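A.B. asks: The primary structure of each chain is shown beneath.
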Amino acid sequence: MPTAAPAKITCQQLYKIFGKHPQRIQAALQAGATKQEVLQQTGHVVAVKDVSFTVRQGETFVVMGLSGSGKSTLVRCLTRLIEPTSGRVLLDGEDILTMDEARLRQLRRHKMSMVFQHFGLFPHRRVIDNVAYGLETQGMDKRQRLARAQEALELVGLKGWHDHFPGELSGGMQQRVGLARALAVDPEILIFDEPFSALDPLIRREMQDELIKLQEIMHKTLIFITHDFLEAIKLADYLAIMKDGEIVQMGPPQQVVLHPVNEYVCEFTEDVPRSHVVTAAAIMRPPLPEDGAAYLPAVPPDVTLQALVPIAAERDARIAVRGQEGDLLGIVDRRGLMLALAGLELT
Amino acid sequence: MAALAPARSLTLSPRWVRWRWPLIAAGLLALALLLRALPWDTTTWPEAWDLHLRRPIDAFRYWVIGHRNTHWLWLWFFDPLSAAIDWSIRRIEQALLATPWPLLVGGVALLGHRLGRWRLAWLSGGCLLLMGMMGLWAQSLQTLALMVVSVGIALQFGIPLGIWAARSPRVDAFLRPILDAMQTMPAFVYLIPVLLFFGIARVPSVIATVIYALPPAIRLTTLGIRQVSPATVEAARAFGSTPRQLLFKVQLPLAMPTIMAGVNQTIMMALGIVVIAALIGAGGLGREVLVGLQRLRVGQAFEAGLAIVFMAVLLDRLSLALSHLSIAKRRHAPADLGRWAGLQARCPLPLRRHGYLLAFLLLLAGVYAVHATLTDLRVFPAWLRLPLAAPIDAAVRWARDHLYEIGNSGLGAGPFSDFLTLHVLTPLRTLFTATLPWPAMILAVAALAAHAGGWRLGLAAALGMLAMGWLSMWNHSMDTLSQTIVAVALAIFIALPLGVLAAKSDRFELLLRPLLDFLQTIPPFVYLVPVIMLFNVGRVPGIIASVLYALPPAIRLTNLGIRRVDREILEAARAFGSTPAQILFKVELPLAMPSIMMGINQTVMMVLAMVIIAGLVGGGGLGLEAVIGLAKNETGRGVEAGLAIVIMAMIFDRITQGWAGRWRIARGS
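Residue numbers (the working numbering), protein chains in the order written: chain A, 12 to 358; chain B, 34 to 702.
No wet-lab data here; the hints were simulated from the structure.
Treat the numbers as computed from the prediction; the structure is a model and nothing was measured.
Treat the hints with care, since some could be wrong.
Claimed, not checked - Subject to a maximum C-alpha distance of 25 Å in a straight line, what follows is the list of computed DMTMM-like cross-link-like pairs (lysine to aspartate or glutamate):
#	chain 1	residue 1	chain 2	residue 2
1	B	Lys282	A	Glu221
2	A	Lys231	A	Glu221
3	B	Lys282	A	Asp197
4	B	Lys282	A	Glu257
5	A	Lys231	B	Glu267
6	A	Lys122	B	Glu267
7	A	Lys31	A	Glu257
8	A	Lys122	A	Glu165
9	B	Lys282	A	Glu147
10	B	Lys282	A	Glu112
11	A	Lys31	B	Glu267
12	A	Lys254	A	Asp61
13	B	Lys282	A	Asp140
14	A	Lys153	B	Glu267
15	A	Lys122	A	Asp140
16	B	Lys282	A	Glu227
17	B	Lys282	A	Asp152
18	A	Lys231	A	Glu105
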């Protein structure tokens, strides 16, 4: 399970305030002023307010929020494309915010790369030169970097398009180039800034599926920004919801869906079909001896209701939940299943 | 939305607010009458108020002349600078003159083919050849050398400065007002201080040309870099680019088309000043035009003018092709080889790859073989000479005899010229200088300025007008003002209908476009030559030339403004049953107004620049004063005239820009 993995990025009490006197405003915020008050009285914009989180290695960490919630600013603070006002960002234990320019560039060249909402491709460079750009800044020689770029292009399914210019490609293909460009440097962390929101719905789904497939091979650490809640729960191992520069709720997606902390989060979760999110692990109860678990159909703990219901309909409604080694974790019974389907809490 | 009237006019404002501008005009008129009724003279500017600025300036000039050979500023700065520029221009001139002419023509044609295939090859080779055929080969090459050095220096300073301004807002804020001022200044004005510090020769012409041509190089470089999308820049930063990598791998390549457009403009500006620079000792074609004009040898001036036009076409089309090339690179299109494709494919690889180099070497070998054995090819052969001067002089004589007054009908250029002078120009000048009291004149201009840009601008305009008087240039300024007003009125009267027509008829626009392109390639001075043929010297030829010079941008911007009106709005107008005339006057023209006002701003500025230049051919006014200052070495007088010109240009510019701004705000665009 990814939760056991070591922390890759840790963000502690991060603030970003736009305006003339960010330090003063931060003190005011800590004393209890709200974002709206600050904006009205001082003209300062509070983009990120006291954000802390940890992203573990190999995990997909999704930040979801509406426009203006500060999520784009937040990820730019991670690579200091925007300079944060205060706080700490630890990458493998090293504070990014204290690095000098040269060290920071090394980091951007080798460890973290980014995929942008509007692709951010270089219109004057061929596809292959776009993909090779990160390697070029590293100073890799031409033959080598073109070979690496070619591999990355094949990985995203754009073999044969290397000689074209970005302007000649469709939006979906352009974003594949953006993805290939990010992958080409073989970074430890990939940051996605609403990468699919400029694409039409069908292409968007296709790209999401492909990203999931790629991640199964790559096991990179992904930080993914989106304003689409369904996209968030589809991709996330761990989900943070932002509003007005703050994280309002954080947790595994199903936990967020099942236990929204406030009205705001509720608004998003309402539209989510529970059967897609709730897993066997969430609704199972401890096994009892009379269950006769050995004779029951078995499922892994991350199976969703969607898959559980047909099995339950066939049999006596009781299903054993077993771990990878076949160890019995719990039992899903009729009561748990029906309560979950009705959207009620399991007590 | 433009369709909705602003709230202000719905709730009727008090009567005096609605009528304030007519009231102010009436007040001014009353004031003028009142002032005239006073016992002392209010119509002529009080001479006692002159600042006599020319005295200290002339004193400074004598100091400069006295210390030019001993002062460190010359010994360590101006002289070495002069020497370096002189050395390079001489070298280039010598090299060009030592090159056999077929090699230059062939080389330029090859370059044309590389940049724009056969069309451009023929055009550029042909232009160069024609310069030689005018009998102006050596002069053309001299001018070319001047251009190469000036444009080279301008770009060397302009592009780095532009880059610097693009990256540092502080540098940009510092440069912007300077560039604004430089661009409103008519070229004449530069010459005076340059003359003072560098004397008369080729070097000061280079310096003046560099200064004149610098602004577009800086401006368009900054613009090009600023236009690179922030998302692209962010992506480059996110992949760990150093500032240098960002500049050279992303920003500069993307800014290239705009920078190349700046190079094109720099070249054209430099060429535009070539004739004027001849006033302070630049040789070449400019001198030919100038001498021809001054001695009224129209044939000679015409030939040289034509040669300048050929050079302008040559340099313009080549540099434009260069900038198109940098755009075309971004598309993935194999070069269109047409019927040569088969031949090219059969060529061995080295021939295909280095075709141009091989062709050039072949040309080189051929030319030098002929040069060494048969004839000296450095001299343009006399048998290729196209004798134009004599027939043109004949044509001028014929025009003078037959077109100046056609029969005894009272029609023709002469009567027209007389009419314009006697019934329009002179009365207007008399009105400004003798009839209207000067305080009323100042207040009228201030009121216009206040209407255009608020009371601050009004105040500034009033101060500017006063300054013209203090500079003892009141009467000359009013003379120039009257000529400018007449020329602008004529230009707008012609340009607006043509612009509307071009917007309404694609065929007419297609017909007009090459003509306008051509008119815009001609350096301002050259306009005077054919006009002089018909109208002789005086104020009228200057006005005609100004109108011709200022027409293209006014027509273009009117056309553009109307064509840009939203299709949907036009459909809505038609759906409500508007006639074409109603659509034009109620919808299209009002919506095109911001663009039209920009056109008028450009018209005014160009007319002023030309009216000043026309001082050379008897236009009088500030232009003549500046010319006298230059020609007779009366620096003080020249500086006074120059300052008055700058002030007048700035007042005109701000007033017309202010109106354009008001329209833009009213249209919400």
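A.B. asks: None of the hints should be skipped; say for each whether it holds.
C.D. replies: Evaluated hints:
no.	hint	in the structure
1	B:Lys282 with A:Glu221	violated, 31 Å
2	A:Lys231 with A:Glu221	holds, 14 Å
3	B:Lys282 with A:Asp197	holds, 21 Å
4	B:Lys282 with A:Glu257	violated, 37 Å
5	A:Lys231 with B:Glu267	holds, 23 Å
6	A:Lys122 with B:Glu267	holds, 17 Å
7	A:Lys31 with A:Glu257	holds, 21 Å
8	A:Lys122 with A:Glu165	holds, 22 Å
9	B:Lys282 with A:Glu147	holds, 10 Å
10	B:Lys282 with A:Glu112	holds, 19 Å
11	A:Lys31 with B:Glu267	holds, 23 Å
12	A:Lys254 with A:Asp61	holds, 12 Å
13	B:Lys282 with A:Asp140	holds, 11 Å
14	A:Lys153 with B:Glu267	holds, 24 Å
15	A:Lys122 with A:Asp140	holds, 20 Å
16	B:Lys282 with A:Glu227	violated, 34 Å
17	B:Lys282 with A:Asp152	holds, 16 Å
18	A:Lys231 with A:Glu105	holds, 19 Å
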